[in-house]
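A.B. asks: Produce the entire structure from the sequences given, and follow the hints as far as they go.
Protein chains in written order, with numbering that gives the first Met the number 0: chain U, 0 to 148; chain L, 0 to 148; chain S, 0 to 407; chain V, 0 to 407.
A couple of the hints might just be wrong.
What the hints assert, rightly or not - Here are the simulated DSSO-like cross-link-like pairs (lysine-lysine), alpha carbons at most 27 Å apart as the crow flies: (1) L/K131 to L/K79; (2) V/K108 to S/K108; (3) U/K131 to V/K16; (4) L/K92 to L/K79; (5) S/K16 to L/K125; (6) V/K210 to V/K236; (7) U/K33 to U/K125; (8) V/K236 to L/K33; (9) L/K125 to L/K33; (10) U/K90 to U/K131; (11) L/K33 to L/K92; (12) U/K92 to U/K79; (13) V/K108 to V/K236; (14) S/K236 to U/K33; (15) L/K92 to L/K125; (16) U/K90 to U/K33; (17) U/K90 to U/K125; (18) S/K16 to S/K108; (19) S/K16 to L/K131; (20) V/K16 to U/K125; (21) L/K131 to L/K33.
Claimed, not checked - Negatives, chain V to chain L, calculated, CB over 10 Å: (22) A56; (23) E68; (24) I253; (25) A264.
Everything labelled a hint here was simulated from the structure, so no lab data went into it. Note that beta-carbon positions come from the ideal geometry of N, C-alpha and C, so glycine has one too.
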Amino acid sequence: MSLNELYREVILDHYRAPRHHDHLADPSGTAEGKNPLCGDEVTIEIALDGDVISDIGAIGVGCSISQASASMMSEAVSGKSRAEVEELVRKFKVMMAIEDSDEEIVNPDRPGEALGDLEALQGVRKFPVRIKCADLPWITLQQALEEAE
Amino acid sequence: MSLNELYREVILDHYRAPRHHDHLADPSGTAEGKNPLCGDEVTIEIALDGDVISDIGAIGVGCSISQASASMMSEAVSGKSRAEVEELVRKFKVMMAIEDSDEEIVNPDRPGEALGDLEALQGVRKFPVRIKCADLPWITLQQALEEAE
Amino acid sequence: MTDLAHLRSDFPILDQKMNGHPLVYLDSAATSQKPAAVIDAVADFYRTTNANVHRGAYTLSNDATDLYEGARAGVAAFVNAAVGEIAFNRGTTSALNQIAYGWGLYNLKPGDRILLTLMEHHANIVPWQLVSRHTGAELVYVPHTGDYALDLDAFADLLDERVKVVGITAMSNVLGTINPVRQIADAAHEVGALVVVDAAQAVPHMAVDVKAMDADFLAFSGHKMLGPTGIGVLYGKASLLEAMEPAEGGGEMISDVQLESSTWASVPHKFEAGTPPIAEAIGLAAAVDYLQAIGMDVVRQHEVEITAYALDALTAIDGLTVYGPPDTANRGGAVSFTLADIHPHDLATILDQRGVAIRAGHHCARPLARSLNQPATARASFYLYNTPSDVDALVDGLQESREIFGVA
Amino acid sequence: MTDLAHLRSDFPILDQKMNGHPLVYLDSAATSQKPAAVIDAVADFYRTTNANVHRGAYTLSNDATDLYEGARAGVAAFVNAAVGEIAFNRGTTSALNQIAYGWGLYNLKPGDRILLTLMEHHANIVPWQLVSRHTGAELVYVPHTGDYALDLDAFADLLDERVKVVGITAMSNVLGTINPVRQIADAAHEVGALVVVDAAQAVPHMAVDVKAMDADFLAFSGHKMLGPTGIGVLYGKASLLEAMEPAEGGGEMISDVQLESSTWASVPHKFEAGTPPIAEAIGLAAAVDYLQAIGMDVVRQHEVEITAYALDALTAIDGLTVYGPPDTANRGGAVSFTLADIHPHDLATILDQRGVAIRAGHHCARPLARSLNQPATARASFYLYNTPSDVDALVDGLQESREIFGVA
Ligand SMILES: Cc1ncc(COP(=O)(O)O)c(C=O)c1O
Ligand SMILES: Cc1ncc(COP(=O)(O)O)c(C=O)c1O
Chain U
0 MSLNELYREV ILDHYRAPRH HDHLADPSGT AEGKNPLCGD EVTIEIALDG DVISDIGAIG
60 VGCSISQASA SMMSEAVSGK SRAEVEELVR KFKVMMAIED SDEEIVNPDR PGEALGDLEA
120 LQGVRKFPVR IKCADLPWIT LQQALEEAE
Chain L
0 MSLNELYREV ILDHYRAPRH HDHLADPSGT AEGKNPLCGD EVTIEIALDG DVISDIGAIG
60 VGCSISQASA SMMSEAVSGK SRAEVEELVR KFKVMMAIED SDEEIVNPDR PGEALGDLEA
120 LQGVRKFPVR IKCADLPWIT LQQALEEAE
Chain S
0 MTDLAHLRSD FPILDQKMNG HPLVYLDSAA TSQKPAAVID AVADFYRTTN ANVHRGAYTL
60 SNDATDLYEG ARAGVAAFVN AAVGEIAFNR GTTSALNQIA YGWGLYNLKP GDRILLTLME
120 HHANIVPWQL VSRHTGAELV YVPHTGDYAL DLDAFADLLD ERVKVVGITA MSNVLGTINP
180 VRQIADAAHE VGALVVVDAA QAVPHMAVDV KAMDADFLAF SGHKMLGPTG IGVLYGKASL
240 LEAMEPAEGG GEMISDVQLE SSTWASVPHK FEAGTPPIAE AIGLAAAVDY LQAIGMDVVR
300 QHEVEITAYA LDALTAIDGL TVYGPPDTAN RGGAVSFTLA DIHPHDLATI LDQRGVAIRA
360 GHHCARPLAR SLNQPATARA SFYLYNTPSD VDALVDGLQE SREIFGVA
Chain V
0 MTDLAHLRSD FPILDQKMNG HPLVYLDSAA TSQKPAAVID AVADFYRTTN ANVHRGAYTL
60 SNDATDLYEG ARAGVAAFVN AAVGEIAFNR GTTSALNQIA YGWGLYNLKP GDRILLTLME
120 HHANIVPWQL VSRHTGAELV YVPHTGDYAL DLDAFADLLD ERVKVVGITA MSNVLGTINP
180 VRQIADAAHE VGALVVVDAA QAVPHMAVDV KAMDADFLAF SGHKMLGPTG IGVLYGKASL
240 LEAMEPAEGG GEMISDVQLE SSTWASVPHK FEAGTPPIAE AIGLAAAVDY LQAIGMDVVR
300 QHEVEITAYA LDALTAIDGL TVYGPPDTAN RGGAVSFTLA DIHPHDLATI LDQRGVAIRA
360 GHHCARPLAR SLNQPATARA SFYLYNTPSD VDALVDGLQE SREIFGVA
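C.D. replies: As structure tokens, then:
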């Protein structure tokens, strides 16, 4: 469990300069997520064009992991369809060991292999206390999508 | 700690045939004592002639020790003055190891030596669980005397 | 007879002399003894993993939280509840007060009725009295029959739309009576009443399934089921817990605290204000594991057999009266009795001199004691570590009592 | 420096590696570690003397009752209370709820005010919010000054005849601030208000004398003062306890139970419904003995010194801000801080990798966190087993955090 694995440069970069950190003018769906025990908060706003996420706002306060996860997620889901996002969420949760996977999608040495930049978050998997930080924006995104239905 | 010391014949006799087990017509003082944990109950009624207990009623339900103690007490205090009763109560409590005694009044082998028939209760001293049973009527008597003031 | 005597050595306390005789512990209905596995689970937690739960951002606290939440999962499975339906607290009494204050205070009003049974323990009476003072709801009691069963006809008569809640003990701590909780629940639900089950005696001694019972709320204590003191369990149906207000406020049960008001954490945390009994929950989980390794059916079977043996031996004593159902199919292992005119306290003292521990008194059920016309009874109660020779020691002591008191 | 390092070996948990480093436990404000004397007192009770209290008519129960009541006497003496003024319960939270429901529910009405401080723990806020919902009484808060002391001018302004109760923490679990409770009490009593003291942090760390404080009610927890989880203490002045209604109802707290209503046992038993946390009370008494053998003045002196050492070292770190009084005379050993823009959770994780356990968050005091404009802070808190090298390990970890996060 090395701290370098957790605090990758890309994570710190997203923490310092979060992407899509603005409110949308007219969101199709909004959800607020919060972790009452550590105080992390994330608001996710999405604009849908058909069933594609055409724009997203990811605003919050909290630790580097929750905020970087929100920022990286906002980039990863922009322009994706609901189905693609669902697949991404699933892969993310498998990477974080939040969900088990039946299929052979996971390379045990690189559980985030299929996730592009998001792979940087795979180090969190080794820090059980922090997994819920990384997960918070994703749960919130799912709620925002539900709300937009 | 022999049970024979506890259940002396005189105690069982008082239990089976309690003395002064009747209510008074016109008591000067009345008090009800109860031990909520074991359910023992005693009512003490006294009639005072000047400061002498001219008549007493000791009515109750409960274990042999509480009821025999009430019955024996009723005999011991009849016709006694307040001061004499107070002295008796004190001696009783010393015998039962409820109160310490400064004086050398106590013969360690016979702590109840000075108490006449009441000495039969000294076996209770060895059964800490039961001391409060023996004490109940005496506390109640003190309350009845206070009420009569 | 189902022989569990080999388990006795798991209970360190049993290996002692009491007043010169081997200790014969017959007061498990008041509190049970603890196997080494439970004592060690508590001590090991303090020695290796102690930290506050749900709060820390460090490994030790995370480990403590895992153990604590693992205990919740174990206890939930034991009574067939979902994990979120189980909240830890101080004991049955505390859990029943939580229901009275959290549900009752907000939902009862004048004209409403709280239907209890005359065989309830004070823990399922007094909280309702307190809440009735605040709400104006009225208390009504179901009597029992001559053979110590709940009077189901009287229950049917008393049950109407005014009844908002039915409080019932699954197993009486005095009579031993096992009540038909499912049948009561079905009837209560028909008039829209909730059912609050006091399972303090049932959970330790028989398999309890909250779903099969269809209990709305259910409470039990750790210390009566081989677990530590200071821990109890509140079960509530998820939908009820979610709708219900917490009784106690404080840390860990909130989502947010503003100056004027607060919002609550999700269930079951909403019902666990402040630092919970952490080591105690872990100890209780060890007790559950211990009981499950034996099997609750075996525990019950052993108790049926030893109770039958005791009932036979006791009723053979001249002048002895048992208060409780004679048929072991309908009863647990708490056997209350009187012997001629010897006061129960005197029986207890005489038995104590022989190392036999029984209880004497009203057993925290004065309304029942009054209905029996017995302000005090003696009670022997059994658990898995008791053997037929314990019963023999009891009977011998009762015979001596007869001699001392000269009972013909 | 007052050296208590020789005591470390009394605490089995400290002798372990955490993430490859010796465990440095700096979260005693959340819960303390336990000396072997306490762990053994609990285990020994279960091994030798376990029985229910106040009920049995046999030697074992009598012995258990003596230990339990002896624990009460020990705890009472520790805070200079009379034995009858001490009731055991689950913890500070539970004790404060007992006061809110037992005293507040019966004595507050619309127009009345409950005066709290902005630095209260949720345990001394949320119960009053719940009771204010039932009674219509209003909550008002005293702010703190720029140097983290209670704002006594604001307090004086807010205190008038409408105030019926003042809730105040004797020592803040976030700021460390020690409040002038006696002064507050004198002023409160002048307008006829009662004072409820949250002593969860004070009793473990300094000599507390309820008489000298003139507290009307006072609450503390066993687990923060070397004792077991699952046990807390409610102190109340005898006259108040006697006049007060019990919050919880059940067995052992009654004098008689009739069908409609009940009468209560004498104090303090009136406030101990059901089976109490027996082993926990006995464990707490062992903790009190342990602390008294050291001497609370020595405990406090050691903490003043180690806190001074920590404050010096922490404030020397670039970008680090401490929230709390700088002068150790006015504060305890809870030190909250932030470091540049590194989130406290990240600090906690980095420290955890070095075996250093600190807490991060709102510390169950959100109104305070909001007033500080810091939704989360990091907190290191000390107790008698901490040494200067523990502080050094903390500082090293914070320096590494600065490097990882590239803080200039
Ligand atoms: C100041 C203060 N009050 C109250 C509490 C609550 O104590 P407990 O969680 O033991 O009930 C705490 C500890 O968390 C505290 O620090
Ligand atoms: C049937 C019943 N209900 C409730 C209780 C109260 O349990 P506790 O004292 O653990 O709160 C008891 C035990 O005394 C009991 O036997």
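A.B. asks: Which constraints among the numbered hints does this structure fail? Numbers only, ascending.
C.D. replies: 18, 22, 24 and 25
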